[in-house]
Amino acid sequence: MGKPTIRAKMVRDGYGFVEPDGRLFVFMEDRHYDFRCLDCRTDTNRIGEVYTLQEHVWKSVAGTYDGMLCVGCFEKRLGRQLTTKDFSQDNGLNGPTIFHSKRLKSRLGA
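So for the sequence shown, my numbering puts the first residue at 56; every next one is plus one.
If you are wondering where the hints come from, they were derived from the structure by calculation, not from laboratory data.
One thing to keep in mind: the hints can contain errors.
[Said to hold, decoys possible] Here are the simulated distance ranges between beta carbons:
1. Lys157 to Phe90: 23 to 31 Å
2. Arg132 to Asp98: 16 to 24 Å
3. Asp145 to Arg96: 12 to 20 Å
4. Pro151 to Gly118: 25 to 33 Å
5. Gln144 to Arg96: 26 to 34 Å
6. Ser161 to Gly134: 16 to 24 Å
7. Asn146 to Ser115: 16 to 24 Å
8. Thr119 to Leu148: 12 to 20 Å
[To be verified] Derived DSSO-like pairs (lysine-lysine); straight-line CA-CA distance at most 30 Å:
9. Lys114 to Lys160
10. Lys131 to Lys114
11. Lys131 to Lys160
12. Lys160 to Lys140
13. Lys157 to Lys114
14. Lys140 to Lys157
15. Lys131 to Lys157
16. Lys140 to Lys114
Because the structure is a prediction, the values reported are computed rather than measured.
Beta carbons are placed, not taken as given, at the ideal position from N, Cα and C, and that holds for glycine.
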């Protein structure tokens, strides 16, 4: 048996996903997200680099919640490689059932 899969779901004018245990996680509501990296303009959703970090780590580099950064551009700003401790542990976007790039998987410790 393979890993459980995440099902995308339309929710109140937004999108989210249903986790294998049935919990609903809403990540887009009443707005459209631009998944392009703020620095290199790569579509982070398409390449599998949508993730969440510890708040202090993100703010130390990005300073705002508006926007996305691919792993490479975030690490360039940070001046080091991300480690598992940098990632938010309570967010489904970092979970094993979400599509992640090889680079992001290596940082998550997957």
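Status of the hints after comparison with the structure:
no. : hint                         : in the structure
1   : Lys157 to Phe90: 23 to 31 Å  : violated (18 Å)
2   : Arg132 to Asp98: 16 to 24 Å  : holds (19 Å)
3   : Asp145 to Arg96: 12 to 20 Å  : violated (30 Å)
4   : Pro151 to Gly118: 25 to 33 Å : holds (30 Å)
5   : Gln144 to Arg96: 26 to 34 Å  : holds (29 Å)
6   : Ser161 to Gly134: 16 to 24 Å : holds (18 Å)
7   : Asn146 to Ser115: 16 to 24 Å : holds (18 Å)
8   : Thr119 to Leu148: 12 to 20 Å : holds (18 Å)
9   : Lys114 to Lys160             : holds (22 Å)
10  : Lys131 to Lys114             : holds (15 Å)
11  : Lys131 to Lys160             : holds (18 Å)
12  : Lys160 to Lys140             : holds (13 Å)
13  : Lys157 to Lys114             : holds (25 Å)
14  : Lys140 to Lys157             : holds (18 Å)
15  : Lys131 to Lys157             : holds (18 Å)
16  : Lys140 to Lys114             : holds (15 Å)
Going through the hint list in order, the structure does not satisfy hints 1, 3.
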